[in-house]
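Enquirer: Residue-level listing of the chains:
Number of protein chains: 2
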Amino acid sequence: MEWAAYFDERTETMPPAWTRRLEEELLAEQVARCYERAPFYRRKLGEAGVRPEHVLNVEDLRRIPFTTKQELRASQEAEPPLGDFACVDPVEVVRVHLTSGTTGKPLVLGYTAEDLRTSSRIGARAFWAAGARPDDTLLHCLSYSFYTGGLADHGALEETGATMVPVGLGQSRRVLELWDDLRPTAIFSTLTYPLYLAETAQEEGIDPRTLGLRKLIVAGEPGGQLAATRRRLEELWGATLSDTYGLSDVWGTLAAECDERDGLHFSGPDGVLVELVDPETGDPVEIEPGAGGELVFTHLAREATPVLRFRSRDLAEILGVECPCGRTGFRFRVAGRSDDMFRVRGVNVFPSSLEELLRERGLDRFAIVLDRFPVEPPVEILIEGVDGREEELTEVVKARLGFTCVVKSATLPRTEAKAKRLYRVYDGEERPT
Amino acid sequence: MEWAAYFDERTETMPPAWTRRLEEELLAEQVARCYERAPFYRRKLGEAGVRPEHVLNVEDLRRIPFTTKQELRASQEAEPPLGDFACVDPVEVVRVHLTSGTTGKPLVLGYTAEDLRTSSRIGARAFWAAGARPDDTLLHCLSYSFYTGGLADHGALEETGATMVPVGLGQSRRVLELWDDLRPTAIFSTLTYPLYLAETAQEEGIDPRTLGLRKLIVAGEPGGQLAATRRRLEELWGATLSDTYGLSDVWGTLAAECDERDGLHFSGPDGVLVELVDPETGDPVEIEPGAGGELVFTHLAREATPVLRFRSRDLAEILGVECPCGRTGFRFRVAGRSDDMFRVRGVNVFPSSLEELLRERGLDRFAIVLDRFPVEPPVEILIEGVDGREEELTEVVKARLGFTCVVKSATLPRTEAKAKRLYRVYDGEERPT
Chain A
1 MEWAAYFDER TETMPPAWTR RLEEELLAEQ VARCYERAPF YRRKLGEAGV RPEHVLNVED
61 LRRIPFTTKQ ELRASQEAEP PLGDFACVDP VEVVRVHLTS GTTGKPLVLG YTAEDLRTSS
121 RIGARAFWAA GARPDDTLLH CLSYSFYTGG LADHGALEET GATMVPVGLG QSRRVLELWD
181 DLRPTAIFST LTYPLYLAET AQEEGIDPRT LGLRKLIVAG EPGGQLAATR RRLEELWGAT
241 LSDTYGLSDV WGTLAAECDE RDGLHFSGPD GVLVELVDPE TGDPVEIEPG AGGELVFTHL
301 AREATPVLRF RSRDLAEILG VECPCGRTGF RFRVAGRSDD MFRVRGVNVF PSSLEELLRE
361 RGLDRFAIVL DRFPVEPPVE ILIEGVDGRE EELTEVVKAR LGFTCVVKSA TLPRTEAKAK
421 RLYRVYDGEE RPT
Chain B
434 MEWAAYFDER TETMPPAWTR RLEEELLAEQ VARCYERAPF YRRKLGEAGV RPEHVLNVED
494 LRRIPFTTKQ ELRASQEAEP PLGDFACVDP VEVVRVHLTS GTTGKPLVLG YTAEDLRTSS
554 RIGARAFWAA GARPDDTLLH CLSYSFYTGG LADHGALEET GATMVPVGLG QSRRVLELWD
614 DLRPTAIFST LTYPLYLAET AQEEGIDPRT LGLRKLIVAG EPGGQLAATR RRLEELWGAT
674 LSDTYGLSDV WGTLAAECDE RDGLHFSGPD GVLVELVDPE TGDPVEIEPG AGGELVFTHL
734 AREATPVLRF RSRDLAEILG VECPCGRTGF RFRVAGRSDD MFRVRGVNVF PSSLEELLRE
794 RGLDRFAIVL DRFPVEPPVE ILIEGVDGRE EELTEVVKAR LGFTCVVKSA TLPRTEAKAK
854 RLYRVYDGEE RPT
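Residue numbers (my numbering), protein chains in the order written: chain A, 1 to 433; chain B, 434 to 866.
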């Protein structure tokens with residue numbers, strides 16, 4: 001069957017000037033609502049001398065100070081569960097998700113029934129771009145506990161019309177046992193899962209290519225946009241691979257690759273406004289091909305726990321502002337994420353743990369090179385100003401974080417050097433020296 | 434806050450004559466639809482010489498032969514995934530759930546978007562009767578993988594307006610860690626889970642009664658209606674306990690106790706028609722206080738995979754046809770279920786395994802006495818015609834099923850004696866000798 005090219009053509013192919021107009025209308029409403037209902041934002045705007053009626057466009061928005069995860073956490077510690085940035089009465093909240101942060105307490109993020117509909121709509125556009133269609137039978141293999149990758153993404157995937165099979169984490173043998181009964185054509189999972197599932201199949205003498213899985217949609221692990229990784233998984237399964245991007249603090253999945261596989265498109269112009277900023281100074285960075293910076297998010301349609309100018313600590317590179325697919329949202333690649341865990345031979349590594357270890361030693365600018373998949377030791381770590389202490393650090397990393405690395409001194413490119421906390425996925429030749 | 438007494442007053446307090454009229458209207462539509470779209474039902478009606486236009490009321494419905502799980506399974510084996518009893522095109526199916534059967538393959542049950550709305554509506558009435566309200570923060574602690582207890586029940590609970598926390602199986606330590614951040618007031622889980630959670634709290638020096646959990650809503654294990662079990666859990670938590678009933682083959686949760694705690698009410702008069710039949714002969718049993726029999730279900734509003742006269746193998750006892758709560762659906766207790774697993778000191782026991790073992794020895798009428806909670810060995814098993822072989826059977830059960838039992842010869846009461854396959858929960862003094 002020939003399906004539509006877009007889940008929501010009007011929104012996804014809107015001329016940029018229309019998108020701006022839509023954003024501005026929603027922005028004014030959202031800021032007014034936050035000011036009126038949330039002491040947290042009243043304080044924040046008040047301290048900056050901004051009245052909500054002043055915020056009519058993206059330029060005005062920049063007068064509002066950033067919101068950090070630490071501030072939101074402090075707000076929730078003072079007033080559990082949702083903090084004083086929540087804009088609704090608790091009885092209006094029908095679900096909470098947690099952020100999967102590794103340092104400190106998770107954030108508790110609320111959804112009204114309307115927020116769930118918005119989340120599903122934004123996610124459905126992304127998953128449709130990534131290939132999900134009503135004639136797919138789609139295995140959802142992320143954990144359904146707590147995080148948006150579970151129920152929020154399930155809701156979005158279901159909205160595409162695909163036949164959803166709730167699987168959850170693990171269960172690769174069970175999935176293979178049920179294969180002939182379910183005949184899945186698509187999977188939504190971490191990047192690692194299809195690899196592991198293929199190995200399990202091979203152990204049982206089954207060639208994964210014969211199983212009829214045509215679409216691998218992945219999330220939550222670095223490397224989904226690396227050419228070599230993509231090629232490997234696509235060959236293993238005889239399927240296409242599409243990467244997606246989301247963060248629990250904002251929405252679930254809110255960006256995905258289209259058929260061009262040349263960058264992710266944001267899918268929620270009516271749900272979230274995206275800014276790019278210099279990760280050190282916070283100055284705005286213009287969104288144009290080749291630009292890089294930290295993603296900053298402002299909800300345009302969140303009722304329960306909205307964020308204004310939320311510092312994601314995720315770094316993006318703009319690959320282009322046009323796309324043959326017809327979507328008018330810019331294309332980007334995730335250059336480094338602050339929260340993503342990666343695995344080295346069964347050891348879970350959180351970049352934030354490495355960061356902590358380096359900061360104890362007065363080092364705060366580093367990049368982890370993750371250009372192979374699965375990640376194999378030794379993992380290359382580039383650190384500014386580490387000269388002469390490479391061996392000591394290799395030992396400390398092994399002892400405290402449990403994996404073998406090679407530490408190299410390097411001058412990191414401008415964008416990364418300015419970011420105090422980040423790790424970065426390097427593809428091919430662009431690695432700094 | 435004072436909440437409404439019912440989730441859906443009009444439907445739940447409908448005079449029985451109105452309910453019958455509603456059932457009849459929906460029944461005629463559903464049977465016509467099944468006949469038109471599903472070869473499985475066209476064969477079944479054809480063999481019985483019934484035309485769909487003949488089926489205008491419950492008496493007519495009895496001319497249609499029963500549907501068994503074996504027939505549905507055979508249909509799906511011949512035409513995976515949904516079998517030829519499915520009534521929609523696969524692209525209309527947005528989710529599948531599996532049945533949790535222990536023998537043979539699970540059934541794959543489909544839901545259209547409309548089916549999910551029906552499921553949520555039926556479940557929400559039941560969960561509201563069981564106490565869920567918009568000002569609750571509710572931990573959902575059943576597995577989200579595959580079965581209706583996960584996503585289908587989550588959807589129904591969310592529909593009540595309660596703030597849902599997706600937890601999933603296990604995680605009792607994590608739940609306690611997050612307690613102060615989330616402040617849950619209600620839980621939906623197996624009967625065992627709150628007991629285990631209380632023990633975990635006590636190990637950490639916390640009295641569960643201080644945690645503010647006010648409502649325990651339970652499912653999927655025998656014993657939720659046993660007075661002693663209820664008392665024990667209610668005292669442990671300083672909370673009320675409400676039992677619920679559902680089966681994946683039909684809908685998720687579709688019956689629950691109300692505030693009277695004197696039997697379960699079915700909550701889906703617009704989604705499922707309930708018959709009571711003699712488990713041996715299949716003859717209709719009138720629904721009146723004191724009556725007992727096997728529950729037989731006919732969908733009234735299922736689009737994807739409807740069942741007509743589905744033999745549940747679950748035994749019910751009618752406790753009354755009126756209730757001070759005002760709900761007009763009869764009150765029943767689940768006297769025995771065919772699929773429920775129970776645990777004896779960490780060993781999972783499926784009654785169907787015991788059944789198999791007994792049938793190999795020419796014994797087919799038995800009851801397992803589960804009147805303590807948690808179940809402690811030795812477990813009492815009553816078997817008709819076992820005289821002289823008690824010791825042999827005790828050994829076989831230990832060797833093959835892994836638990837210690839006491840086998841007794843008994844004459845089982847009429848209802849149970851006639852059921853070939855069943856186990857039964859006995860409360861207090863009513864145990865047969």
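Check the hints yourself; a few may be wrong.
[Stated by the list, open to error] Output of the computed footprint for chain B on chain A, the stretches with three or more beta carbons under 8 Å from beta carbons of chain B: (1) 70 to 84; (2) 90 to 97; (3) 352 to 362.
Think of the hints as simulated: they come from the structure by calculation, not from any bench.
No experiment lies behind these values; they were computed from the predicted model shown.
Virtual Cβ for every residue (Gly too), placed ideally from N, Cα, C.
Enquirer: Each hint should be assessed against the structure and marked as holding or not.
Expert: Each hint tested on the structure:
| no. | hint | result |
| --- | --- | --- |
| 1 | 70 to 84 | holds (count 3) |
| 2 | 90 to 97 | holds (count 8) |
| 3 | 352 to 362 | violated (count 0) |
This entry does not satisfy hint 3, going by the numbered hints stated previously; all others are met.
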